[in-house]
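Undergrad: As you go down the protein sequences, you meet chains A, B, C and D in turn. Note that our numbering has the first sequence beginning at 375, numbered continuously upward. Note that our numbering has the second sequence beginning at 688, numbered continuously upward. Note that our numbering has the third sequence beginning at 43, numbered continuously upward. Note that our numbering has the fourth sequence beginning at 223, numbered continuously upward.
Just so you know, the hints here were simulated from the structure itself, not pulled from any lab data. Hints should not be assumed to be uniformly reliable.
[What the hints assert, rightly or not] Not the full set, but computed from the structure, chain C residues with beta-carbon under 7 Å of chain D: (1) K248; (2) G251; (3) T641; (4) V644; (5) I645.
Computed from a predicted structure; not experimentally measured. Note that CB positions come from ideal geometry on N, CA and C, so glycine has one too.
Here are the chains, one letter per residue:
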Amino acid sequence: MVDLLFFGLFAAVAVLCAINVVVQKHPISSALSLVGVMASLAVLYLLLGAPFIAMAQIIVYAGAVMVLFVFVIMLLNAGIEVRRGRSWMATIFGIPALLGLLGVLACLLVRWFPDAPIVKFGDFPGGSPRDFGYALFTQYLLPFEVTSVLILIAILGAVVLARKELD
Amino acid sequence: MEFLIATSLKLAIIAFILLTALAYIQWVERKVIAHVQVRMGPSRVGPHGLLQPLADVIKLITKEGVLPPHVNKVFYLAAPVLAVFMALISISVIPFGTSITIMGHKTMMELADVNVGVLVILAVSSMGVYGIALGGWASNNKYSLIGGLRSSAQMISYELPMSLAIAAPLLSAGSLSLRKIVNAQHGSWHLIPHWAIFAFPAPQIFSFIIFMIAAFAETNRIPFDLPEAENELVAGFHVEYSSMKFAAFFMAEYANMVTVCCVATLLFLGGWHPLWPVRWGSNFAAPAIFAFAGAICIYHGINYVRPFDRITLPAFGVIFFGCAGLFLIPQGVPVLTPIFWFLAKVSFLLFVFIWIRATLPRFRYDQLMSFAWKFLFPVALVNLLVTGFLVALVS
Amino acid sequence: MHLWLIPALPFVGFLINGVFGRKLSKTVINLIAVLSVVLSFALVVKVYLTAGDLAATPLHAHYFTWIQSGAFNVGWDFSVDKLTMIMLMIVTGVGSLIHIYSTGYMEHEEGYYRFFAYLNLFMFFMLTLVLAGNYLLLFVGWEGVGLCSYLLVGFYIVKDSATTAGNKAFIVNRVGDFGFSLAMFLIVVNFGSLDFGQVLPAVAGKPTGTLTAIALLLLVGACGKSAQFPLYVWLPDAMEGPTPVSALIHAATMVTAGVYMITRSAPIFTHAPAAMETVAIIGIFTAFFAATIGLTQFDIKKVFAYSTISQLGYMFLGVGVGAFSAGVWHLMTHAFFKALLFLGAGSVIHACHGEQDMRHMGGLKKYAPWTCLVLACASLAISGFPFTSGYFSKDAILGAAYAYAPWMYWVGVVTAGMTAFYVWRAFWMTFWGDYRGHGHPHESSWTMLGPLVVLAVLSIIGGFVFNVPEILSGMFPIAEGAKDAGAPSEMMLTAISVAFGLAGIGLSYLMYVVNTSIPDKITSALGGVYTLVYNKYFVDEAYDAVIVHPLIQGSESVLWKTADAGIIDGIVNGAGTQSQGLGNILKLIQSGNIRSYATWVVIGAVALIVAIGIGGAR
Amino acid sequence: MPAIPNGVPESWYLALSAILFVIGVAGFVFRRNIITVFMCIELMLNAVNLSFVTFANHYKQVSGHIFTFFVMVVAAAEAAVGLAIILTVFKNRSTLNIDEVDSLKN
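With these hints in hand, go ahead and build the complete structure from the sequences.
TA: Here it is, written out as structure tokens:
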């Protein structure tokens, strides 16, 4: 019951914020709405028994990535976007393609999960940081290391791109 | 149901104490800095200026809230709320002491014992930047924009060493729940307590220092108060703010201070565990201190300097003796002593914050960044590595 | 028993010197390099003292499983029996002496730290080779010492000849290693393991043909590493390296690895008589062949290089005729006196300011008395002068050879005579007469002379102090049998070989001290034959004509011109042009507009999901 | 739908993730501001993360969380590089409108 309450509340928040991300004219509003989406998703993660992921979601996404976005928006002082569309593809096929996507996903959901099991808070204790860390550092060690290399490369790329010499 | 009642009660108490404390920390700060600079500090309003915070609050509330015409209204108004909200929310996972039992209802001395408490605090503090950044941006003012930019960059940069510094004691404690971490620091070896900073095998003294430095940056305190550097940016991100909105930013800053001090106490200084073991009579420290304070007050009240000291100081003396007596009540001891130790440590750290503010000059921006990335971050990393190695070695 | 420490110590030395050497001062480098080796020598001694009876209970140490596939697994394990112990003693002992010597010899060289880093690395690999408990680990050491020899021969990186010599050594060794690896494959196929402990006892049951094949392939490897007849060409050129290197790698330790390997796999060889025969024949032929070349060389190091080849030939002869212990004995004594010869030569070269041509030396005995003395000891030892070390080991081999096939004995004896001749020829030309070189020669420092003296003592008394056949009697009773077979004429055989040795010495004295005009007469008399021998039978040129040149030509005309340029490039370019054509069509949908691309992606995604959904994949 | 279930059906989580994803795609297709488009990508990633976590709950395995974690890391790296690229683009063309960044055309 409480689950349902929370889910309904935060799902609604997420969807509204998501729509807001798209419809807002000013990028910084979109950014903050996106933060809203992420925060509410974090709550849903908690409901799904993933406390660590929930916190990581907030720390990494809301706390770091989105701050970067806001930072860049402030830096470029990006204003309202100018509507000079020259993309016939998007204008013609965009809407139908989207509707098609939504429909397909919906029918797949209906087809594959006619009677999905009920998720209750706390019926999956496996998401504790301990289990998570154990899995990460034993079974998924190699991907983990590879990811670290990826991050290193990303850092280098960012540094190289943002250097002054470029302009 | 009982849970709800208990929680709401605790909520009320904590909120009241915290908010009052916030107001009075400002008074303490002004007093301390004044004495460091050989001044009197606030002394007009009430005895020793004790009513100064009240006066400030009244002033700020009754001031006219100016809404500049060129600002982005929504964010301009949202920013301070966001800031203070994010600052206050993280106090909810901080335990102050052991459990307390009131008429058969046993309850822990904290709002919520989250099993990932440390992460919660990190998360919330990482969200804290939005208030300042937004405020700076929404004011639509060059100074405040620069302040916002600086604060966002600075907070992101210093979050890394802070997280790494926090991770090190977690390794030796082996849990993410603050209460468990504190319990892991229970006991002592002869006179040396098992606090994280003295812990075997890996004393966390370095990560403690790193954490404190990063905390200064995260709370925008001197020497890292570049977002509000007066002589460069007028007042930085809150140039355009006035009245309660301005006060909200200040509350946020002090609330953040309290939070990081609590976290430092819990992670590194053994939470509510006494400085030396009970069998050496640590339980009598609190009454002794209060009695001493009371004695001093009464002494100075008897041969006074200023006329009103004749009344006020003995009054304080009596109050202090009362507190001392309170700590001697057997039923009170298990409840009050931990709280005393916890608050003592926290207030010491707060004093350090104020002390540093009175002592150090401000960094230059590039110095700030290079310090974070080229010094603090590697050191924290190495410290984490060494800790992990030692812990693995011992276990 | 920390066996792993023995190779680990030099390796640590290598790491320190190799990584930080550039920063360190020479004293520190010396300290690290020498200490690491001396310590491992001390460890070896400790192991020897604490090990107890190695023959009864060899030491085994399994550190970790290196390769595992199915039933076949190769571990990183060391084993020490008496043979290993002897080799360890030789390697670490002589190694330490040579390290000490090098600190004096290399004092004024560039890349000082590089030299000692390589030297330590070599010690590590050599010790791994010797300690190895299975063929693969032995092969690791085998390749490692090859690498180090390459690095050290080409140590003077600015000298073109040095680098080419290094390449030559490396490439020629590849041929041998090829054989060795094939042998290992055969062993794995037939025995399902590479551990000595499992392979060697299981030899008895196997068909002789297989064993012969394995043995011959191993022999190819040994020939490469130990510079035997077809593959010996790299060793003389390897003299381009610094002299201590020639002493350590190309006289005392590495080149004897082949002999060690054959001795180690003695059971295989003993069960393959044909292979044994081949070994013996190659050995005796190489001995004779190299000795003849040695007669004519004027570069002092070249002379000793050829004598090394020839002595290695002796060892092969020894193991070939089944007197493994005699072979190892000669290996040890040879390590002593040949290291001494090279180091002495180094000291002489040092004295003559880098001059290597004996025609520009002479009369050094009054300038460098100590060097003269120790070189005399070495020369006596190598020419089998009675009761010197060379005498015992060589006669053990020759005796066994007589028991196996008399003609080998006679060839061996003649070779012994030649050996004595050219070694003493070098000696006289260097020390007697009067100085024909430039500059003013001088005696070397005691850091160099000290090791020389120790080695001199060893090469005099080493023979009967360490009586290898007795030590190894537990492992190789065959050697004893050979002795018995030769027993009746033992004294006589010995006398003959000694006589030949003395004759060689006398002849050389006659030709190069008493009447120095004789050699020229002989040279002119022999004419063509002399030039043939002087030019080392034109073997290098032959190899060049038969192998190298066709290879280059073939790869140029066939592989490059036809295959690469014609076929491969054709395919590539064709693909290029084709895709260009295709691209011209596809380019129509490339609007360069990200959002239309996004739309494409969405449409594609929809199509994909529909396909999956319809396909009913779950 | 039957009476209010005690708890939430997984399919609702999946539906939510699908909706968020489609919204993200919509933004990706129709917005012209590079930064906004970029944020829409992040939105899609988040949607996918939600379904990952849901499936982790379904199969009672932590692997889903791990995947989410990796997605986050990759997203962070992507954000760093992407924003750097955006900065560069803005420096060189002084525009954030992706319709004007089409020099790859034909």
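Undergrad: Check the structure against each numbered hint from earlier and tell me which ones fail, lowest number first.
TA: 1, 2 and 5
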